[in-house]
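Residue numbers (the working numbering), protein chains in the order written: chain A, 1 to 166; chain B, 1 to 146.
Derived from the structure by calculation, the hints contain no laboratory data. Note that the structure is a prediction, hence the values are computed from the model and not measured. Fair warning: there could be bad hints in the mix.
Sample of chain A residues with no beta-carbon within 10 Å of chain B, all distances over it, derived [stated by the list, open to error]: (1) Gln19; (2) Gly20; (3) Leu72; (4) Glu87; (5) Cys90; (6) Asn94.
To spell it out: a stretch of chain B is covered by chain A in this simulated footprint if at least three of its residues, at any positions, have a beta carbon under 8 Å from a beta carbon of chain A; those stretches are [said to hold, decoys possible]: (7) 4-17; (8) 20-27; (9) 60-73; (10) 91-97.
For every residue, glycine included, the Cβ atom is placed at its ideal position computed from N, Cα and C.
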Amino acid sequence: MRMDLIQPFINSADAVLAQGLESPISIENLSMEEEAYRRKGIAAEVCLTGEIEGRIIFDVDQPAAAQLASRLAGVAVSETNDELIREAVCELANQIIGNAVTTLNDQGFHFHVRPPAIHTSEQGSKGSEDTEALVMGFKTSSGNVFMNVALRYHRRRAADRAAVAG
Amino acid sequence: MEKFAPVTRSEDGQPVRYLIVDDSVFARKNLARMVETFGGQVVGEAGDGVSAISEYERLTPDIVLMDITMPQMEGIEAAEKIVRDHPSARIVMVSSVGYQENIVAALQRGARHFVQKPVKAEVLYEVIKYVMRDDGTTARGAGAGA
């Protein structure tokens, strides 16, 4: 997978999580995933369409998700308050992916983002030759956060767009 | 959360009335909490562009805080429809997707300003003051952090 597609997601996760949690975070793991993705906790999925297509799964350990929701909401959120925790994870995914998408668009990649949806199945689709999946693991003060990025770059659509632009 | 000098409507000194539009309940609550620290009153919420239009008609708020990426109808289209019928509507786009094309499209279709998520309260506060300036509204006190 092209590193210029990935780096904005790393930078964005770093910035958004550090701002939300008011503490530094670190990348603990960065690896290609060949098998189908196994959900680790509360997960949200965002789909992209256009010159770049694919999906990103943002996945947070259950206890960490409750802590993240509490920090971001400014009030204590119980681990049993599933709805609010899911909302918090979706909103975090939206912010992280939205900021990364902003950077990629400003670099000349054109695509559309769908609203985040809760990812409930235990497994996600596995990577393929043209849609590799990269898993990033972040360590935060609230626990572990994972991002699984499976994107494909459409050269033909980009070329079509360039031709239309003249 | 930081405290801010209240922003009020100059015409009657009443709190600024907000409509908050976002498909995330969590984001709406966070924005509501923020504008309440500015002395504002949240008069309505909506989760998509279609509901935003009907809620605007019903409530005629002073300011709409509008997300962009939403189901059914996106925020830029909803903003355009609201401003077409209500040219004085003050709409502030609040979105994590802040690339130049999006911002330009939103402003061309009638939005007054753009704030990128994650929202910092002090940034939103300055934007609210700026957007309300045509109402002659000023914050009482010393501004942010007062």
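Here is what the structure says about each hint:
For glutamine 19 of chain A, the shortest C-beta to C-beta distance to chain B comes to about 6 Å, within the 10 Å cut-off, and the non-interface label is violated. Under the 10 Å C-beta cut-off, the non-interface status given to glycine 20 of chain A relative to chain B is violated; the minimum distance is some 6 Å. With 10 Å as the threshold on Cβ separation, the claim that leucine 72 of chain A sits away from chain B is violated: the shortest Cβ distance comes to roughly 7 Å. The non-interface label for glutamate 87 of chain A is inconsistent with chain B: the shortest C-beta to C-beta separation is roughly 4 Å, within 10 Å.
Once the 10 Å rule is applied to beta carbons, cysteine 90 of chain A is inconsistent with being away from chain B; the minimum gap is 6 Å. With 10 Å as the threshold on Cβ separation, the claim that asparagine 94 of chain A sits away from chain B is violated: the shortest Cβ distance comes to roughly 5 Å. Counting residues of the region 4-17 of chain B whose beta carbon lies closer than 8 Å to any beta carbon of chain A gives 0, which falls short of the minimum of three for the stated coverage. Under a criterion of three residues with beta carbons nearer than 8 Å to beta carbons of chain A, the stated coverage of the region 20-27 of chain B is upheld, 5 such residues being counted.
Counting residues of the region 60-73 of chain B whose C-beta lies closer than 8 Å to any C-beta of chain A gives 3; at least three are required, and the coverage claim holds. Counting residues of the region 91-97 of chain B whose C-beta sits closer than 8 Å to any C-beta of chain A gives 3, which meets the bar of three, so the coverage hint holds.
Of the numbered hints stated above, those contradicted by the structure are hints 1, 2, 3, 4, 5, 6, 7, listed in ascending order.
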